[in-house]
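Novice: Now for the letters of each chain:
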Amino acid sequence: DAGITQSPRYKITETGRQVTLMCHQTWSHSYMFWYRQDLGHGLRLIYYSAAADITDKGEVPDGYVVSRSKTENFPLTLESATRSQTSVYFCASSERLAGDIAKNIQYFGAGTRLSVL
Amino acid sequence: RKEVEQDPGPFNVPEGATVAFNCTYSNSASQSFFWYRQDCRKEPKLLMSVYSSGNEDGRFTAQLNRASQYISLLIRDSKLSDSATYLCVVNQAGTALIFGKGTTLSVSS
Chain A
1 DAGITQSPRY KITETGRQVT LMCHQTWSHS YMFWYRQDLG HGLRLIYYSA
51 AADITDKGEV PDGYVVSRSK TENFPLTLES ATRSQTSVYF CASSERLAGD
101 IAKNIQYFGA GTRLSVL
Chain B
1 RKEVEQDPGP FNVPEGATVA FNCTYSNSAS QSFFWYRQDC RKEPKLLMSV
51 YSSGNEDGRF TAQLNRASQY ISLLIRDSKL SDSATYLCVV NQAGTALIFG
101 KGTTLSVSS
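So the sequence lines, in the order shown, correspond to chains A and B. For the first sequence, the tail end lands on 117 under our numbering, and the numbers increase by one without skipping. For the second sequence, the tail end lands on 109 under our numbering, and the numbers increase by one without skipping.
Please note that the accuracy of each hint is not assured.
Stated by the list, open to error - Only pairs whose alpha carbons sit at most 25 Å apart, straight line, appear in this in silico SDA-like list of lysine to any residue: (1) A:Lys-103 x A:Thr-55; (2) B:Lys-42 x A:Ile-54; (3) A:Lys-103 x B:Ser-26; (4) B:Lys-42 x A:Gly-99; (5) B:Lys-42 x A:Arg-113; (6) B:Lys-101 x A:Arg-113; (7) B:Lys-101 x A:Arg-96; (8) A:Lys-11 x A:Asp-100; (9) B:Lys-101 x A:Thr-5; (10) B:Lys-101 x A:Asp-38; (11) B:Lys-42 x A:Glu-95; (12) B:Lys-42 x B:Asn-12; (13) A:Lys-70 x A:Thr-82; (14) B:Lys-101 x B:Gln-63; (15) B:Lys-45 x A:Asp-100.
By construction, these hints were calculated from the structure, which means they are not laboratory data. This one's a predicted model, so the numbers in the text were calculated from it and none came from an experiment.
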């Protein structure tokens, strides 16, 4: 089915390990986003990308790395996982960030629940 | 002042009640406005976009007041299935969407 998919859905890792969360969308949306969601903080933007090879920091980028070599994929890497990175991670995509409101709508993947022990 | 503020609730209402959520935003340059719904431990999903003239979708009505930088969501005839967290979302042109922390609604029989 077309849409936005995240993998894995659940991940347990240890501090210091490198972890990569995958995000794939089939709509050919230009924009893709990574958020983390924690109790008391709501959704916080980690990184986003306007197109292949164009990425920008969000509110909480420290400790994370992203890449976007292809329009449809936007992996998020925790280079050396810490306990504070235990969270639910959501990937999202949208056609645009301006203009027609319908094209600004973000569609979310089902999320990845990451636990860092 | 936070960019998007919502009353966190929880709002506890009986079935059939009418409930209203409010949201304020700080940046007057904000251009697009949305209400998303998030069920427990699931991804946010678009409930409705908010247009300048206000808009209605079945039991849901959204209003925008640009002068007061205020957005509202009204739910009429609440159903058990309306129990969720409602996220107020805004953006300025060229920037990522900004999400409020959400308002929790619990509808009981």
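Novice: Hints first: check each against the structure and report whether it holds.
Specialist: Structure-based check of all given hints:
1. Taking the CA atoms of Lys-103 of chain A and Thr-55 of chain A, the gap is about 19 Å. The hint holds against a cut of 25 Å.
2. Between Lys-42 of chain B and Ile-54 of chain A the alpha-carbon distance is near 28 Å, which puts this suggested pair outside the 25 Å criterion.
3. Restraint check: the Cα-Cα separation between Lys-103 of chain A and Ser-26 of chain B comes to about 23 Å, which is no more than 25 Å; the hinted pair holds.
4. Pair hint Lys-42 of chain B plus Gly-99 of chain A does not hold up; C-alpha atoms about 28 Å apart against a cutoff of 25 Å.
5. Proximity of Lys-42 of chain B to Arg-113 of chain A is assessed by CA-CA distance (about 10 Å); at most 25 Å being required, the pair is judged to hold.
6. Using a Cα cut-off of 25 Å, the hinted pair Lys-101 of chain B and Arg-113 of chain A holds, with the two alpha carbons roughly 19 Å apart.
7. Straight-line distance between C-alpha atoms of Lys-101 of chain B and Arg-96 of chain A comes to about 23 Å, which keeps the hinted pair within the 25 Å bound.
8. Proximity of Lys-11 of chain A to Asp-100 of chain A is assessed by CA-CA distance (about 37 Å); at most 25 Å being required, the pair is judged violated.
9. As the CA atoms of Lys-101 of chain B and Thr-5 of chain A are separated by approximately 24 Å, the hinted pair is consistent with the 25 Å bound.
10. Of the pairs offered as hints, the one joining Lys-101 of chain B and Asp-38 of chain A holds, with about 10 Å between alpha carbons and a cut-off of 25 Å not exceeded.
11. The straight-line distance between the Cα atoms of Lys-42 of chain B and Glu-95 of chain A is roughly 22 Å, inside the 25 Å bound, and the hint therefore holds.
12. The straight-line distance between the Cα atoms of Lys-42 of chain B and Asn-12 of chain B is roughly 21 Å, inside the 25 Å bound, and the hint therefore holds.
13. Proximity of Lys-70 of chain A to Thr-82 of chain A is assessed by CA-CA distance (about 28 Å); at most 25 Å being required, the pair is judged violated.
14. Taking the CA atoms of Lys-101 of chain B and Gln-63 of chain B, the gap is about 19 Å. The hint holds against a cut of 25 Å.
15. At most 25 Å may separate the alpha-carbon atoms for a hinted pair to count; Lys-45 of chain B and Asp-100 of chain A meet this at roughly 19 Å.
Going down the numbered hints, you'll see the structure goes against 2, 4, 8, 13, while the others check out.
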